[in-house]
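Taken in order, these protein sequences are the chains called A and B. When we follow the numbering used here, the leftmost residue of the first sequence carries the number 1, and every step to the right adds one. When we follow the numbering used here, the leftmost residue of the second sequence carries the number 249, and every step to the right adds one.
Treat each hint with caution, since some may be false.
What the hints assert, rightly or not - Only pairs whose alpha carbons sit at most 30 angstroms apart, straight line, appear in this in silico DSBU-like list of lysine-lysine:
| # | chain 1 | residue 1 | chain 2 | residue 2 |
| --- | --- | --- | --- | --- |
| 1 | A | Lys131 | A | Lys86 |
| 2 | B | Lys440 | B | Lys452 |
| 3 | A | Lys86 | A | Lys181 |
| 4 | B | Lys440 | A | Lys131 |
| 5 | A | Lys181 | A | Lys131 |
| 6 | A | Lys34 | A | Lys131 |
| 7 | A | Lys80 | A | Lys131 |
| 8 | A | Lys181 | A | Lys137 |
| 9 | A | Lys86 | B | Lys440 |
| 10 | B | Lys440 | A | Lys80 |
| 11 | A | Lys86 | A | Lys34 |
| 12 | A | Lys137 | B | Lys452 |
| 13 | B | Lys440 | A | Lys137 |
| 14 | A | Lys86 | A | Lys137 |
| 15 | A | Lys80 | A | Lys34 |
Bear in mind the hints are in silico, worked out from the structure with no lab data behind them. If you're wondering where the values come from, they're calculated on a predicted model, not measured in any experiment.
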Amino acid sequence: MTWTPDQPLIRMRDVHKSFGAVPVLNGISLEVMKGEVVCIIGPSGAGKSTLIRCINALVPIDSGSILVEGQELHDPRLDKLALRRKVGMVFQQYNLFPHRTALDNIMMAPIHVLRRDRASVEAQARALLRKVGLEGKENFYPGELSGGQQQRVAIARSLAMAPDVMLFDEVTAALDPETVKEVLATIRELATDGMTCVIVTHEMGFAREVADRIYFTDRGVIVEHGPPAQFFAHCRDPRTRQFLSQIL
Amino acid sequence: MKTPASFPAARAAPSALRVTLAGVPALPIGGRHGIMLAVFLAMSMAVAQAQTGPAPPSIIATMLKWTPLLAQGFALNIAMSFLAMAIGTAFGFALGLGQISLLAPLRAGARAITQFFRNSPWLVLLFYCMLLLPFEVRIGNSIVALPGWAKATFGLALPVMANVSELVRGAVQSIPSGQWEAAESLAFTRLKTLRMIILPQCIKRMTPPWMNLYAILTVATPLTSVVGVSEAMTLTGDILSSEGRTELLVPMYLYLLMWFFVYCYPIARATAALERRFAVY
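Take these sequences, add in the hints, and give me the full structure.
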């Protein structure tokens with residue numbers, strides 16, 4: 001089966017996952033079209049991080065099906081490296097490589113994984129740093145950058161692989177309110193440029209503004225989903241209402 | 249009265265007993281130990297001098313006379329320490345990587361070897377190497393003699409190997425899992441992740457305990473005198489028996505101690521300095 005852009009870029013069907021005896025995902029189904037921005041919200045412990053980590057096979061699933069561009073992830077013969085070239089991921093804790101400069105962090109994977117030539121990668125990496133507003137920080141080590149700056153380097157690092165979809169796992173949760181803005185602005189710009197994004201977030205205002213669709217998860221299931229206007233104004237499930245009343 | 253703080257080493261003293269990364273105890277020597285050694289040496293020379301009759305040459309003159317020979321022996325100690333460290337580090341690194349392998353049998357094997365040599369007395373390993381290794385080996389058509397010091401060096405390299413193996417394992421496991429995840433999500437293979445992302449960060453963490461291990465190895469090299477290697481300790485014994493003067497016993501051995509101290513103390517200081525510098529993680 002070949003994938004065409006009119007089909008969902010990501011299609012999860014009845015995904016189950018337990019850590020030992022603890023069930024985390026209890027039948028998750030969702031679809032993300034190309035160019036769509038999907039926000040996943042929900043209380044802590046709802047399985048949001050696990051859900052997003054399944055999409056680039058950092059977490060193997062127990063049962064169900066995940067198709068990314070038509071490729072089944074729940075398959076022992078899966079070429080994980082090929083998958084991960086298509087799916088970029090940004091983490092809550094940035095996870096930059098502390099022994100390399102900002103520029104090196106961005107250049108490492110394109111040079112050593114994609115085997116592209118150094119000169120073109122460097123030009124691209126400098127352009128990406130400029131894009132995330134960090135021109136002049138090329139030779140800074142991660143330890144010398146603020147949290148927000150590190151997170152933007154991490155976004156640039158993922159973008160350098162030219163992924164088809166970007167996963168954001170609570171990328172502003174470790175930042176102070178001031179720097180949250182810079183990072184959200186960067187993601188907003190990406191979304192406007194047409195990048196397919198799956199965003200786990202606690203920033204409701206941001207989700208409402210940037211998302212094409214919002215999924216609300218609780219205890220390992222999708223409780224409800226819909227476009228932001230409809231979702232925030234007319235949510236039907238009492239669990240969603242309770243969550244929103246606490247957070248807004 | 250001088251406060252203890254006037255000796256830089258006295259300030260470092262509380263850290264001297266700290267257990268380092270992989271559980272190798274830090275070598276607890278400080279500057280005050282050197283001063284104590286020097287004082288003991290001076291006192292013992294004075295006592296020895298007072299006990300001697302009119303005829304024999306002074307203690308200092310005797311010590312100076314034998315210094316070139318002692319230096320020769322000490323050079324062998326250092327050479328053995330270098331070689332054992334190099335061999336032990338090379339094999340230990342491989343063994344340590346084996347301990348974090350994804351292949352269960354390799355991991356179990358590396359773990360067993362590491363634990364075996366880490367928990368064996370150094371002297372017993374030395375004896376085994378002296379007895380089990382041949383005195384010559386055939387490489388192709390030529391026969392290479394294996395002198396005692398070479399066998400002893402190999403014997404010392406075994407516990408070094410096991411300790412380095414643990415250092416590598418401990419350092420790799422101390423790197424936050426986020427580093428692995430970030431590398432994985434960028435499609436790095438496991439091998440590339442290790443080589444380009446994990447190990448470079450480990451080297452920094454491993455250097456202080458590795459230097460500490462070297463200092464421990466160096467002060468352990470006189471063990472080889474028990475198996476007949478003509479290093480500084482053996483030579484000191486030979487010198488004493490040829491002089492036949494019992495009053496020389498204490499000053500000569502103290503003199504030998506000074507040699508080791510002067511060599512190892514700067515290493516201990518450098519280790520402590522590096523630990524402080526790398527502590528900002």
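State the violated hints by number, sorted upward, taking the hints as numbered earlier in the document.
-> Of the numbered hints, all hold.
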